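Enquirer: Given next are the chains, with one letter for each unit.
There are 4 protein chains.
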Amino acid sequence: MIRFDCDYLEGAHPAILQKLIETNMDQTIGYEVDPYCEAAAEKIRAACACPGAAVHFLVGGTQTNTTVIYSLLRPWEGVLSADTGHINCHESGAIEGTGHKVIALPGQDGKLTAEMVENAFEAWKADASWEHIVKPGMVYISHPTETGTLYTLAELTALSETCRRLRLPLYLDGARLGYGLAAEGTDITLPDVARLCDIFYIGGTKVGALFGEALVIPDPALIPDIRSLIKQRGGLLAKGRLLGIQFDVLFTDGLYFKLGKHAMDLARTLREGFAAKGYSFMCDSPTNQQFPILSYEQIERLSKDFSFDDYGPADAHHRYVRFCTSWATTEENVRKLLEAI
Amino acid sequence: MIRFDCDYLEGAHPAILQKLIETNMDQTIGYEVDPYCEAAAEKIRAACACPGAAVHFLVGGTQTNTTVIYSLLRPWEGVLSADTGHINCHESGAIEGTGHKVIALPGQDGKLTAEMVENAFEAWKADASWEHIVKPGMVYISHPTETGTLYTLAELTALSETCRRLRLPLYLDGARLGYGLAAEGTDITLPDVARLCDIFYIGGTKVGALFGEALVIPDPALIPDIRSLIKQRGGLLAKGRLLGIQFDVLFTDGLYFKLGKHAMDLARTLREGFAAKGYSFMCDSPTNQQFPILSYEQIERLSKDFSFDDYGPADAHHRYVRFCTSWATTEENVRKLLEAI
Amino acid sequence: MIRFDCDYLEGAHPAILQKLIETNMDQTIGYEVDPYCEAAAEKIRAACACPGAAVHFLVGGTQTNTTVIYSLLRPWEGVLSADTGHINCHESGAIEGTGHKVIALPGQDGKLTAEMVENAFEAWKADASWEHIVKPGMVYISHPTETGTLYTLAELTALSETCRRLRLPLYLDGARLGYGLAAEGTDITLPDVARLCDIFYIGGTKVGALFGEALVIPDPALIPDIRSLIKQRGGLLAKGRLLGIQFDVLFTDGLYFKLGKHAMDLARTLREGFAAKGYSFMCDSPTNQQFPILSYEQIERLSKDFSFDDYGPADAHHRYVRFCTSWATTEENVRKLLEAI
Amino acid sequence: MIRFDCDYLEGAHPAILQKLIETNMDQTIGYEVDPYCEAAAEKIRAACACPGAAVHFLVGGTQTNTTVIYSLLRPWEGVLSADTGHINCHESGAIEGTGHKVIALPGQDGKLTAEMVENAFEAWKADASWEHIVKPGMVYISHPTETGTLYTLAELTALSETCRRLRLPLYLDGARLGYGLAAEGTDITLPDVARLCDIFYIGGTKVGALFGEALVIPDPALIPDIRSLIKQRGGLLAKGRLLGIQFDVLFTDGLYFKLGKHAMDLARTLREGFAAKGYSFMCDSPTNQQFPILSYEQIERLSKDFSFDDYGPADAHHRYVRFCTSWATTEENVRKLLEAI
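Residue numbers (my numbering), protein chains in the order written: chain Z, 1 to 341; chain P, 1 to 341; chain G, 1 to 341; chain X, 1 to 341.
The hints are simulated quantities; they were obtained by calculation from the structure and are not laboratory data. Worth double-checking, as some hints may not be accurate.
[To be verified] Below, computed lysine-lysine pairings styled on BS3-like, alpha-carbon distance capped at 27 Å:
1. X/Lys304 <-> P/Lys125
2. X/Lys261 <-> X/Lys43
3. X/Lys304 <-> X/Lys43
4. P/Lys19 <-> Z/Lys19
5. G/Lys304 <-> Z/Lys125
6. G/Lys304 <-> G/Lys277
7. G/Lys19 <-> G/Lys43
8. Z/Lys258 <-> Z/Lys336
9. P/Lys19 <-> P/Lys258
10. X/Lys125 <-> G/Lys19
11. G/Lys125 <-> Z/Lys304
12. X/Lys19 <-> P/Lys304
13. X/Lys125 <-> X/Lys19
14. P/Lys43 <-> P/Lys336
15. P/Lys258 <-> P/Lys304
Since this is a predicted model, take the numbers as computed values, not measurements.
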């Protein structure tokens, strides 16, 4: 069975394992104040062109989303998100678990626009019963989105300006940021993200690490004492260096970006291979998730040797499915898949 | 600098790293339903002599405590804990963060007795204003406790009987369970824990793993759908196999127990070494945490070559300090320490 | 200005004020265990034909909804509601404030059907990633709904059967129950509500009381110790008798039902008056809220002498508006309104 | 039976009932934006000598405490309180229900001192593991305290200065503020409270109203949009004018202060009466709660005709009990009590 279900099928990039082995018996104090974490943070600041940023390491995406949103909202506020947003659909109610509503707006290709945010905020403000309605208190986006789409620099700039004018912190979930930054044709760089967002995370779990996400706060005053909340939410790893080591390796010699490019190259091969054989797609994804439309018969046949994710019915005879490439995908496996379709 | 501050100073036991390397490019589906997790769960069930138990893997202790307590209490209930309990002192308000009060009772050497629990429950029940007071809804203990002490089988049995009579689930935090089970003179075994507690976890982070705790629920009906809450609280690791692999190694050929014994042997050496030189102790700990009393002068001198934890003033001239041994402590380092004191 | 904006414009029915005056200097112990509360509870049990029910009094609707939903859901569960449900739209995120998602389903005239509930539950159950998705844990309906519509006995029976089969408690928000029970053509009685719902409240605030809602739990074992949660959520009034006195008066000699009928009679007059003059309606409401469609010009003219609620644009030239009748509405005011349109 | 158990035994001052009757059929819009609420707020601002204050009305004390504390704390913060504080003992875990720890300090006669607050804050700040410990985020006091004691102006000034220096909002629970302000010998006035506290409430429930508390925020910017949270927590009464009317009456012609003085005069009569007959007291309370020490025999005998509250054992033969006077206590009843002892 060759798997394309998701981008967290394998362990970690070998350089990470190598560094874990080399440092295994070093003694460091816990909770992410060790030299490895500091080195990794420094490299991330440099990559973001944001020397004053606070960088914290957490274990996973749901935890990071929850920690950020819980820390930024006042009790009567909610978070604006596209209805397809991960926090709205696939986090078991984690945001609501912190006491806050996810205010789901019908997204456009999984994205929020500046206009949507402005309209939602102004509608709340204009409502005579505003105090009965959850106030939009911040904005959550992901880049790439759940369906693999990307913001353009113009879109993200407009969103950022609107958020700043309305005093709504803009938070970017970068679970797959490495793939977004390496996508062909994107005009957004990591420094752009750091400049336009108030807070964001650089995903490790899906881009070469065993686990771990790097939370970046360009202006650390945004959330004082955030280490307390990271601890409270279970994100302050006792052996914090595990996170530091991984991100140190990922941000040494541009490995993070190389892994992104590797996955993007194979995603393009995969997409072009499907298109060449006449398949159409659920949406036009420029990143590592591809959503071709397969007939039930094709699905049945392919499933004998390949695994992929189901995304629901397209019509009476076809379904949407998802194939993911990642840092670990091999050219050989993509070739085998394309031969099989 | 030779460190004795805590028991999470190093990485993982080499056998764990070895297995991570061997399996690194295997493809498995995520979220802890892979064959490694299943194998590890099966071995843990066997070690607990509890074939029907549910076993789940979480990332860390605070997260596990929060998940368990949040899932067991009704909104108007609190959790009984010794005032020195980890959930009361060192989890940044994580339990309160789930909406529940930690009802702190003055512990006895860090322990709760059956009588304390009964008195607290009966006092609530007898109060004419019971509805204004937080109802004790479950009991939290740790074994070993925060000060390294251990329950006897008789104590744990009495506590268990009282809890079951009062319908208060008994939860045991086993962050250092491996050290408790290996302590000289203890009469409690892992099957005893599984028989007497309603839910407990076997700590990996402090006993040889990179990270990870194994939550055991002898009767799985206690918390239906707990995977949802584990996900919500950030504990359902995408690459879940990382947890399965680690616990599989720890529970193969009794490695977990061997690591416990190693730390216990060196703790005894350390304790006897201090005692032989006339030091007295904050308390009588049979496990891997030792709390000798040092003068300010001794602390200053020792601190040049050794690190250890401060536990506050003993008198005007002395302080309590903590030295920990662990699976990774070397005989040589203990010897050097004893020579230095 | 003659007001029709809502059904809580005036104080209380004079009989209630009279009883408050008569009992004013009586001394009773607090927190709703006084003889007035007990008498009121007994009368409500009788009216519900449910002699074993627990009856508790709370101050307002949002508080009651929050208390009920918080007490019934486990941490990973959410509450199914029509998207127009009060808990989803107009409670400032109170349900999310208890840690739970409102799972909003597109309602049908503001109502949920048995089929919708079954589909939502089965979709969760069938999802391969069920643990990432909020589990439907109970069902919230209101009767009348937010748009004044009513369940039929057949609809409520089907919903009840489905909920019981799926083990989802069915909760009915009866903020305007008095008006629903008195509506022309309804085949649902208060004993039907008590028989088919697992928990519900009888609204006082909008049906003749100064404030207050009576929560009825046909099987008190559903929520043990609920008085604790009522206290925690601010619903256990110190001078609890204020609630007992009001509901005692309302359930003496059928006053509650008479007040309902009064409002229904005037609502019919109002509806027929609008219809006779050719107005159409946003929806067909058989209860005390009527939603005619007015032109901007008509709205401007009417607003000089009458107040009513805006419900948004109907088309480029018209808007939906709401007129409410209540226990306190006078025939004369309805007549004046009909003359003015 | 003549009752002295508490200060919420009767209904409301007759002037309040009178005004409720007079205004009963007036039509006002809901949710506390009616003219009665505005008039009451204006009178309270004047009484506080604080023309810029925001004044909001809530239903009860627990609700007010919860709303204030939930709105002021960040998720990783707790509230400092004397261990005898109402929020720590008698609110069913309401504060923890909002996700925050009550950090209970051993009080001094039920009071916190500036030094205690400073020590607690500095201890947190100095702790090497500060992020594992709940940060003190605000200070809760009550005046009078739970045991009837009062802050002096010097004490409250010192506390205020310390809180402002440490940037900890100071919140005063004034459930019985009317009795505190009228106490013989107190040097604290309502303008002092408004000047020294960042937020406080003026209790109505125990001082002449049917129910209701007036929350005063001298600088409204402290909590923007607080009406949303009041709504979420069930405090925004539909018929909001009920609160406005009551506080309007209480703050007309100094009625609130007269009611306080009435209760204080009778409390002194009662205290002096007990003292004259040789009784001693649990503590020296200058306010409307008096705590004499009675033998079991005396308690049994008195209980035939009088009710009062038990406060636990004083020694093997005696118990502490509480007698409360209030706005409604009659001279005659106090005389009868003193004759009986």
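Enquirer: Within 27 Å, alpha carbon to alpha carbon, are X/Lys125 and X/Lys19?
Expert: violated, 53 Å
Enquirer: Can the restraint linking G/Lys304 and Z/Lys125 be considered satisfied, given a maximum Cα separation of 27 Å?
Expert: Holds, because 25 Å separates the two Cα atoms, which is no more than 27 Å.
Enquirer: Regarding the pair X/Lys19 and P/Lys304, is the alpha-carbon distance no greater than 27 Å?
Expert: Measuring from Cα to Cα gives roughly 78 Å; hence the hint is violated.
Enquirer: Straight-line Cα separation of P/Lys19 and Z/Lys19 no greater than 27 Å?
Expert: holds, 16 Å
Enquirer: Assess, step by step, whether the Cα of X/Lys125 is no farther than 27 Å from the Cα of G/Lys19, and give holds or violated.
Expert: Outside the cut-off at roughly 57 Å; violated.
Enquirer: Against the 27 Å threshold, does the CA-CA distance of P/Lys258 and P/Lys304 hold or violate the hint?
Expert: violated, 32 Å
Enquirer: CA of G/Lys19 to CA of G/Lys43, is that 27 Å or under?
Expert: holds, 16 Å
Enquirer: Take the C-alpha atoms of Z/Lys258 and Z/Lys336, compute the straight-line distance between them, and say whether it is at most 27 Å.
Expert: Holds - the C-alpha atoms of Z/Lys336 and Z/Lys258 are around 23 Å apart, at most 27 Å.
Enquirer: CA of P/Lys19 to CA of P/Lys258, is that 27 Å or under?
Expert: holds, 18 Å
Enquirer: Does Z/Lys304 sit within 27 Å of G/Lys125, going by the straight-line distance between their CA atoms?
Expert: holds, 26 Å
Enquirer: Does the structure keep P/Lys43 and P/Lys336 at a Cα separation of 27 Å or less?
Expert: violated, 38 Å
Enquirer: Has the given pair, X/Lys304 with X/Lys43, been kept, meaning a C-alpha gap of at most 27 Å?
Expert: violated, 44 Å
The structure is inconsistent with the numbered hints 3, 10, 12, 13, 14, 15, although it conforms to all the rest.
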